[in-house]
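Please build the complex by placing chain B on the supplied structure of chain H, with the hints as guidance.
There are 2 protein chains.
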Amino acid sequence: MKIICLDLEGVLVPEIWIAFSEVTGIPEFRRTTRDESDYHKLMKYRIDLLNKHNLKLVDIQNVIQKIEPLEGAMDFLASLRKTSQFIILSDTFEEFAMPLLAKLAHPLLFCNSLKISPEGMVSGYEIRKENGKMHAVLALKGLNFRVFSAGDSYNDLDMIKESDSGCLFRAPGTIKAEYPLLPSVETYEELLLKIREF
Amino acid sequence: MKIICLDLEGVLVPEIWIAFSEVTGIPEFRRTTRDESDYHKLMKYRIDLLNKHNLKLVDIQNVIQKIEPLEGAMDFLASLRKTSQFIILSDTFEEFAMPLLAKLAHPLLFCNSLKISPEGMVSGYEIRKENGKMHAVLALKGLNFRVFSAGDSYNDLDMIKESDSGCLFRAPGTIKAEYPLLPSVETYEELLLKIREF
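Residue numbers (my numbering), protein chains in the order written: chain H, 1 to 198; chain B, 1001 to 1198.
Take the hints with a grain of salt, since some may be wrong.
In silico DSBU-like cross-links for lysine-lysine, where the CA-CA straight-line distance does not exceed 35 Å [as the list claims (entries may be wrong)]:
1. H:161 - H:44
2. B:1082 - H:41
3. H:82 - B:1052
4. H:103 - H:66
5. H:66 - B:1141
6. B:1082 - H:115
7. H:141 - B:1066
Derived DEER-like restraints, expressed as beta-carbon distance ranges [unchecked claim]:
8. H:99 - B:1183: 44 to 54 Å
9. H:44 - B:1079: 34 to 44 Å
10. H:36 - B:1174: 52 to 62 Å
11. H:45 - B:1196: 32 to 42 Å
12. B:1075 - H:37: 38 to 48 Å
13. B:1173 - H:14: 47 to 57 Å
Just so you know, the hints here were simulated from the structure itself, not pulled from any lab data. For every residue, glycine included, the Cβ atom is placed at its ideal position computed from N, Cα and C.
Chain H on its own, in the form it takes in the complex (with noise of 0.2 Å):
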């Protein structure tokens, strides 16, 4: 029996924080996964650039609210939903996903949790595991499931690694350039055939 795991951002909705920067005008939070390979480190700057403009989780939602899939990330969900289960692998967090996965139709995401103070800042976060998308992937190899892998950042590689099969969705230049080998698709259609070949 065969599952396939999906990043989230960047391969069936927009970046949420590219998003946030736009609608913030703060340029700085353009930083993602795709552009810093260490999360953590790339965590604290986000939310010291939130402290610093004094911006809460309640604003970060609100831009959530009106972000949409990606175009056609609908339609090849349904075509995927016809013929395969799959599940989404994502280092977001659940306070930040939940209306986007109402829009994806429910399907399951294994994610993090942020930790909120009192007046609503995000003061932290907790990695529910770490390197989590590679051990959800171990552990779907554990249960003797085939796993097919794909998404578009640094935090997608050890996950694609650990499949039986996988590639990359358009993943930026810097990654494709340090990882040549790896499978590398664009479209949802191409990313569709590579899921029937598998």
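Here is chain B on its own, set in the frame of chain H:
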């Protein structure tokens, strides 16, 4: 972070083999995991019975196409999806489950698969993982999820016991009598309450 594990048949949809028994008029197909604790013995019995009556996979699938979710199940899932993530853990087979998943709005299902002869007869089955429901719970706990499980049959007991919390749902009196310490509920409202308490 929390996750809910639900049995499929008897919890969200009717027992497939009981429906099949009713349509075929062959009462011997009524035997389920609610009556027989040895799953391999039960499946051997079912396959022998299918062969005896020359019934093919397609005959079972034709019955399954007509099965609808239990009354209230879709409202229950809609409420659950607002607040929680869930997985369906079942010992059924993907060849049976796919049309049912569509009717349940495509939740994630972990199950098994059938072996089908060139003539379309059920010739055997492949258990993805022995005691798969329980191992799925252990895998989720290994990923640092807190797990709540609910089911109605003998094959749900290890799943419930290994979870952080859980209950029986509409279990037969025999199981409730054997396991008087396991919490037990009869309605979706009660089940939602248990999940909320968790």
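Hints versus structure:
Straight-line distance between C-alpha atoms of residue 161 (chain H) and residue 44 (chain H) comes to about 27 Å, which keeps the hinted pair within the 35 Å bound. About 32 Å separates the Cα atoms of residue 1082 (chain B) and residue 41 (chain H), which keeps this hinted pair within 35 Å; it holds. Distance check on the hinted pair: residue 82 (chain H) and residue 1052 (chain B) sit about 33 Å apart at the alpha-carbon level, within 35 Å; holds. With a C-alpha separation of about 10 Å, the suggested pair residue 103 (chain H) and residue 66 (chain H) falls inside the 35 Å cut-off, and the hint holds.
For the hint linking residue 66 (chain H) to residue 1141 (chain B), the alpha-carbon distance of about 34 Å falls within 35 Å, and the restraint holds. Between residue 1082 (chain B) and residue 115 (chain H) the CA atoms are separated by roughly 21 Å; this keeps the pair inside 35 Å, and the hint holds. This hinted pair checks out: residue 141 (chain H) and residue 1066 (chain B) have alpha carbons roughly 34 Å apart, not beyond 35 Å. Separated by about 32 Å at the C-beta atoms, residue 99 (chain H) and residue 1183 (chain B) break the suggested range of 44 to 54 Å.
Taking 34 to 44 Å as the suggested C-beta distance range, the pair residue 44 (chain H) and residue 1079 (chain B) conforms, at roughly 37 Å. Checked against the hint of 52 to 62 Å, the C-beta distance between residue 36 (chain H) and residue 1174 (chain B) comes to roughly 58 Å, which is consistent with it. Remark: the range hint 32 to 42 Å for residue 45 (chain H) to residue 1196 (chain B) is upheld by a beta-carbon distance near 36 Å. Between residue 1075 (chain B) and residue 37 (chain H) the CB atoms are about 45 Å apart, so this pair conforms to the stated range of 38 to 48 Å.
Evaluation of the 47 to 57 Å hint for residue 1173 (chain B) and residue 14 (chain H) yields a pass: the beta carbon distance comes to about 53 Å.
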